[in-house]
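At position 14 of the sequence shown the residue is numbered 14 (my numbering), and the sequence of numbers has no breaks.
Just so you know, these hints were derived from the structure itself, not from any lab.
Idealized CB from N, CA, C, for every residue including glycine.
Please note: incorrect hints may appear among the correct ones.
What follows is a list of derived Cβ distance ranges for each label pair [what the hints assert, rightly or not]:
(1) Gln50 with Ser25: 32 to 40 Å
(2) Ser14 with Ser46: 15 to 23 Å
(3) Glu17 with Leu48: 18 to 26 Å
(4) Gln50 with Gln24: 34 to 42 Å
(5) Val49 with Thr29: 24 to 32 Å
(6) Ile28 with Asn8: 18 to 26 Å
(7) Lys42 with Asn13: 15 to 23 Å
(8) Gln27 with Arg7: 18 to 26 Å
(9) Gln16 with Leu48: 14 to 22 Å
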Amino acid sequence: MAYGLYRNTTLGNSLQESLDELIQSQQITPQLALQVLLQFDKAINSRLVQRRMLNYRNAILDPIISHQPKKSGMVLQFHT
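Could you build the full structure based on these sequences and the hints that come with them?
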């Protein structure tokens, strides 16, 4: 997966602008800014993978959980 893909989001652009300002004011090195961007890329990708897995789990389990036998005219439903 292309890690740099999310750098063009509002959050990614803001991060890059802030890092550029810190580099210009010599508060951080360009190497440190690159490390921060790489960590940002990894964190965003990790979160999206977790979210995708949760969506798959819900897509598989929700129909099973909501299809419970009826008792006394009531349908039992489980919510996660």
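Checklist entry - Checked against the structure, which of the hints given earlier come out wrong? => result none
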